[in-house]
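Engineer: Residues per chain are reported as follows:
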Amino acid sequence: MNTQTEIMDGSALALLTARMEGIARKMANTLHRTGRSGILTIARDFSCVILTAKHELLATAESLPIHVLRGPDIMARTMAENHKVLRRGDAFLHNSPYHGCTHPADHSILIPVIDDEGVHRFTVLAKAHQADCGNALPTTYMGAAKDVYAEGALIFPAVKVQENYDHVMDIIRMCQMRIRVPDQWWGDYLATVGAARVGERELLALGAEIGWDRLENYTQQWFDYSERRMMDVIRAMPKGRVTRKSTHDPFPATPAEGVTITATVDVKPDEAMIEVDMTDNPDSMENGLNLSEACALSAPMLAIFNSIDHTVPKNEGSFRRIRVHLRDGCIAGRPRHPTSCSAATTNIADRVANPVQAALAELAEGLGQAETGALLPPSCGVVSGVHHGKPFVNEVYLGCTGGAGSPTQDGWLTILHAGNAGMCYQDSIEVDELRHPIFVHQRRLMPNTEGPGRFRGALGAYSEFAPVDCDMTVAYISDGNINPAQGTRGGMAGGCSAQYRKRPDGTLEPLPACAEVLIKADERMVSISAGGGGYGPPHERDAARVLHDIREGWISLARAEEIYGVVVNAELELDYVATQQKRDVLQKAVK
Amino acid sequence: MGLRFAVDTGGTFTDLMVSDDDGSLSMHKASTTPKDPVAGVINSLTLAAAASGQSLNAYLSRGELLVHGTTHAINAIVTGSTARTAFLTTGGHPDTLVIREGGRMEPFNFTVAYPEPYVPRELTFEIPERIAVDGSIKTALDEAETIRVLENLKARGVEAIGVCFLWSVINPVHEQRVGELIERILPGIPYTLSHRINPSLREYRRAISTVIDASLKPIMGAYMRGLEDRLRVAGFLGRVLVITSQGGVMDAKDAAEAPVNLINSGPSMAPVAAQAYVAEGRADTLIVGDTGGTTFDVSLVRKGRIPRTRETWLGQPFRSHMTGMPSVDVKSIGAGGGSIAYVDKGGLLHVGPISAGAMPGPVCYGRGGTRPTVTDAALALGFIDPEFFLGGKMTLDREGAIAAIRKDVAEPLGISVEKAAEAIMALATEHMVQAIMDITVHQGIDPSDAIFVAGGGAAGLNCVAIGRRLNCRSVVVTEAAAALAASGALISDLSAHYQAMFHTRSDAFDTHGVNYVLDGLAARCDLFSRTAGIGATASRIEWSCEARYIEQAWEIDIPLRGSRFANALDVKTLEDDFHRLHQDKFAVADPGAPIETVTWNAEIRCRIGSERPGRLKPDTRSASLPSRKVRFLGQDFIDAPVYRFEAITEGMSIVGPAMVESDFTSVVIDQGAKAHRDMMGNLVIDLGDRK
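Protein chains in written order, with this note's numbering: chain A, 9 to 599; chain B, -14 to 676.
Be careful, since some hints might not be right.
What the hints assert, rightly or not - Simulated DEER-style distance windows between Cβ atoms:
hint	chain 1	residue 1	chain 2	residue 2	range
1	B	Met637	A	Glu14	36 to 46 Å
2	B	Asn60	A	Lys528	46 to 56 Å
3	B	Asn60	A	Glu517	48 to 58 Å
4	B	Asp604	A	Asp240	53 to 63 Å
5	A	Arg95	B	Ala493	36 to 46 Å
6	B	Thr96	A	Asp240	14 to 24 Å
7	B	Arg600	A	Arg96	31 to 41 Å
8	B	Ile132	A	Ala261	50 to 60 Å
9	A	Glu217	B	Glu107	49 to 59 Å
10	A	Arg95	B	Asn60	50 to 60 Å
11	B	Ala493	A	Lys528	25 to 35 Å
12	A	Ala529	B	Glu107	32 to 42 Å
13	A	Gln184	B	Asn456	36 to 46 Å
To be clear, the hints were calculated from the coordinates, so they are not data collected in a lab.
Here the structure is a predicted model, which means the values were calculated and not measured.
Cβ coordinates follow ideal geometry from the N, Cα and C atoms, glycine included.
Pulled out of the complex, with its shape left as it was, chain A reads as follows:
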C-alpha cells in the first residue's frame, strides 16, 4: 500500500488522535508531579505539546492557552534552523521571546524525535514558568524593565542543553550562577527534561508500531479535519467587522493615560476566515509590557477559540482559518531585540484577548464573552526575602479570580486571567505557610465586585498576608486599578483591583500598581483582585440567580434592585410585582 496516499477514515483518525493526546497528557502528568517550585507543582503553570517535523502544532494536552497556540511552532523552527543536524539525545533550552517563546521566565525544553534512520519526525516541547529566571530583581514579571538588559535574565534561543542524553554542564552551571534558589531551578529543569523525554520515548514507540510515514500522513489528515471543523463554524457566523478597545492602566514608561489596545475583528463567513488586525497599536515601550510574537499571535486566537464551539481541535489545521496581522516594533506585535517582553503573557496580552472576545460578542447573541479581570495583583505576586539566613523566592496564588460572563454561564470564579483560562491552581493557605515564612490573615471574595450581566462576571478577591519574623519583598504588576474588565452586549464592568500596605496601626497606604514593595515584619500586604465583566443586560438576569447572589452575600439588596431590577421582601423572597415594574423601567432606560 502506498502510505502517502492512504485516505484514513474517521475511525483511524480518532484512534491515532486519542494516542497522540495520551502522549501529551503523560508529559504533563510527569511535569506536574515532579517539579519542585510552587509555581510549577502547586499552581501548574506549565504546558506540554507535540509538533510535527514541519513545526506544526499537533497536540497540546490541557495546557495554558497563552502558552501554546502560537509560539511552539516558531521555537521549533528556531531549533532546526540553528542546529542543522539534529540527533537523538539532543535537548534544547529555549526562553527567547525574540524566537517564539512567550517570555524569558518560561523555560522550555525542546526535543527532536529522531527515528532509527536519523530522520527528524516530531518535536516535543515542555514549557514551565520558573520561580526565578535570573532577573535583576527577584521577580519573573519585570513590568518596569527598560529593556532585556535591565531584565537581566539569561536568554537562550534554542541552546543545546543535552547531547546524547547527557546535560551540557556548562549551560547548567551558567544557570546555577544566575538563577536564585538554584536547587529549586535544577529540580524544575530535571522535571521539564523528564517530561519531554517521556514524550520522546512514547513517540518513538508509536512510530515503530504505526510506521513513520503513516503517522505523518495522519497528521496532515488530522489538520485537514480540524480545518473543516473550523470552516463549518466560521461559515455559520454572521459576517461583520468590529473594532473594540481595551486600556491598560498607566505603568512606568507608558503614556499618562495608559496603553489603549485596539483590535479589529473581521469575520468572513464566505471565505471561512477570521482576521484580527492588531497593527493599529502603539510602538514598543521601554518597559516589560511588550508582547512577544508568540503572545501577540496567541492572545487573539485564544479569544476566538473561547468564543466558538469548544470541540473544534486547536492545531495547525484550525489555525489556517485565522489570520492575525501584526506589526514589527509594536507593543502588541513583533518585538525587536532588546525590547523587554518580561510580562508578555499577562497584562497587554489580556488587553488583546479581551477586546477580541468582547468584539465577537457584539457580532451576535450567543457568541464571544465579556472581558476577564486583569492580572497581576500582589496576591499572585512573587514573594522573596531572607528568613533566618535562608533566602526564599516564589510566586504565590493566594486568591485571584475574575472570570468573564459568557453567553450561557457566569464567569468561572478562579479563571486567574484570560490567557490562563483557570488552568492554574490556587494555593492552600496551609501549604503556603508551611513552605514560606508568610502568614495569611484573610482570603475572601468581595461582594458587589461582579460585572453585572445576564450572566455576571466573577467577584474579585481580597487577600491580606504578612511576613513571619522577617521582611518580605512582594513584586507585582497590577493592571485594572483604573480600567476594569468591561461587560459586553449590555453587561457591565467588574470591580477594579487595588493594593495597599497595612501599617501596624491598621491604616492602609495605597501602593503603586507596578512595584516591588518591601513589607516589614510588622506590616501586611493587602491585595484586591479584579472582578470579571458581565454578558448581556443585568435586568435580564434570571431573578432566581439574583436572589441566590443576595442570599449568598455576593451582592447587596441595593445593587440587586438598582442594577438587576430585582426587589425582595424582608424575608429575602422575590417580590414579583415590584421586580417586574423595576425591570420594565430599566428596559426602557436602555432603549
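On the provided structure of chain A, position chain B as indicated by the hints.
Structural biologist: Relative to the frame of chain A, chain B by itself:
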C-alpha cells in the same frame, strides 16, 4: 461457619452473593428499590431463601455476616437530600469551600458552570480564632462569639455542623472546644471536626471531607439503623458491615458515625476481588477494568497493595468537589455498553462519553433507543447472541442495531456496517486503553508486566483487544465477573485507616518524633483489633508515609518496611525506597537529595472472611453450545465455536477464534488467543505472541 452474604445495591439491580456453609457461592438478583433500598436488600435475601427451600427467617438465622455495598450516601449528595449543614471556619477565611483549589479542565469550554460550594455561604460562619503553622495560638478562640453563632444556627434550623480550622491538624484545641460547645448548646445535632475525620494537610481537602461527613450523618445514621433493625426483624442475627471507599468494610454502626467513608464505595471492591481471585505471585500488577453500561472504572493491585488517592471527585474533576479522603484510586471514564457512536460534521467518529444509559439503552434493547451503541456494535459483529442475552431472559433486535449503525456511522464514513461496527468497538477499546494508561503508564507502571482482570457485564466484548493493545501478559475473566464487587465484598477485610501529620527531613531525621507518632498509630490499630476486630483470624498493619523532595509540592505514598525506625540505616532505606518509587512513577529521581515527610499512615486490616474466595456451584451441562456467525477483529464472518463458561472444565483448552458465554457475559477469544480455566474458576486467556 454460617452463611455469609454480600449485597450490592446498584442502580438497576441489587446483587446478592451468598457463601454457603461449604464455601460454595450462589448469585441472586433482585430489582433495586430506589425509594427504600433496604426493601431490595430484603427481597434479594428472600429469593436466596426460596432457592434453598427455607423460610426467610430460618434461612437468615443461619447467617453469620452480611456485607452491604450502598450508593445511598452518594445518591443523597447527588439528589440534594443531605442535611442542612453549617460550616464553621477560621475568621478571615470564609471562602475555602468556594475557591477550592482552583484548576479547570477543557480550557476553551465555557459552557460549564462553576460549582456552587458544598455548604452555601449563607450557612458559613467565621469563628474568631487562629492557630499558626507551629501549633501556637495566634488568636485565642472567642467563645462568646462562638456561642452566638451556635445560637443562630439553632434559629436557622441547621441539622448538622462541620468545623474546620486552619492548622487544627497540628493543634486541635480550638476544634475540640467548639465540639464541646456544640454538644452543650445544640445537643443531639451531629457534627464533624476536621482533625478527627481527616487529619491531613491542605485546608480545602480537610474542610470538604468534614462538611460532607456532617451532611451525611443524619441520613446515613437513619439508613444504617433501619438496615440493622429490619435485618434483625427478618431473622438475621449476625454482624452487619458496609463497604468503604478504601476497599475495606466497617461495622454499620461505625459507618454511620463517619459516613464520608462510604461515598466512593461503589468501585472500591473490584480490585479487592481481583486480588483474591488471581493468585499472588502471578504478576506484580493487576489492572482491573470494570465495564458497566455507562462507565468504565479502572483500578490497580500493585505488588499486593491497592493504591489509594486523595483526589476523588464527587463528579467531574474541577467541576465538582473532592472528597479529600483517601480512597481506592479509580479512574472512571464515560465508556461502556451504552456509549453512543456518531460521526461529527467533519467526518470524525466519536464513541461516548454520551450514553444511552439504562433507559432507553442500546437500540437492540427495543426500549426506544435510536442511536447506535457499543452493545449494538457487539451484536452486529455476533459477539452477543440475540437469543441468549442474560441467559435468554431478553431477546435483542439485531436488525434494529444494524440499521442504526448503518445510518449513523457506516454511511457517513462511507464504509460497510461490519467495518463500522468494528470501528466502534476499536474506538471504545482505545478510550478504555487510554484510561488504563492514565493510571499505569503515566505513573511508571508497565502494563506488559501486568494481568488484565476484566469485570462487569460488558467486559468480555473487548478484554482481549484491550489486553493486546496494552501488551499484557494475559487476561483473566473471573467466574462471577458480572458481580465482581459482590464477590470482593465477601472476602474483604475489616479495616480502619489512621493517619497523623509529622514533618521531618531525612537529613535531620527526628527518629524519636517519628517513632512517637508511629507508636500512637500502632496503639490505635491495636485498640481497633481488640474491639471491632475481635474474633478476626488474622490482622496486619500496612504502614506508609507520604513524602516528597524538599520544595516539592505533592507527596507520594511510600510503603514502610517496619513500624519503627531503629537507626540511620532505616532512614536510608526509606530514602532509597522514595528515590526508587519516584523514578518508577515519573521517570526521574534525584538520588542524594533529602526528602521530607508530611503524613504517616497505618491501615489495620483484620481478616474476618475466609482466606480464599469461594467457587460457584459446578455446572454439569455440556460445555459446547451451538456455533454461530461471528466477525472477529480484522476477519470476515466465520462460523465460530461457542462454549458455556460455567461448564468448561479445568484442563480444557479453547483456541481462538471462539466465544465463551455465561448467563451474564460474552467473552470474545480472538484469533491467536487461547483460554483455559484455572483452579479458581477464572477464565485465563493467553494472548498469544507478544510485542
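Engineer: Next step is simple, just say for each hint if it's right about the structure.
Structural biologist: Do the hints match the structure? See the list:
no.: 1; hint: B:Met637 with A:Glu14: 36 to 46 Å; result: 43 Å, holds
no.: 2; hint: B:Asn60 with A:Lys528: 46 to 56 Å; result: 54 Å, holds
no.: 3; hint: B:Asn60 with A:Glu517: 48 to 58 Å; result: 54 Å, holds
no.: 4; hint: B:Asp604 with A:Asp240: 53 to 63 Å; result: 55 Å, holds
no.: 5; hint: A:Arg95 with B:Ala493: 36 to 46 Å; result: 44 Å, holds
no.: 6; hint: B:Thr96 with A:Asp240: 14 to 24 Å; result: 18 Å, holds
no.: 7; hint: B:Arg600 with A:Arg96: 31 to 41 Å; result: 53 Å, violated
no.: 8; hint: B:Ile132 with A:Ala261: 50 to 60 Å; result: 57 Å, holds
no.: 9; hint: A:Glu217 with B:Glu107: 49 to 59 Å; result: 56 Å, holds
no.: 10; hint: A:Arg95 with B:Asn60: 50 to 60 Å; result: 58 Å, holds
no.: 11; hint: B:Ala493 with A:Lys528: 25 to 35 Å; result: 30 Å, holds
no.: 12; hint: A:Ala529 with B:Glu107: 32 to 42 Å; result: 38 Å, holds
no.: 13; hint: A:Gln184 with B:Asn456: 36 to 46 Å; result: 41 Å, holds
Hint compliance for this structure: hint 7 is the single one not met.
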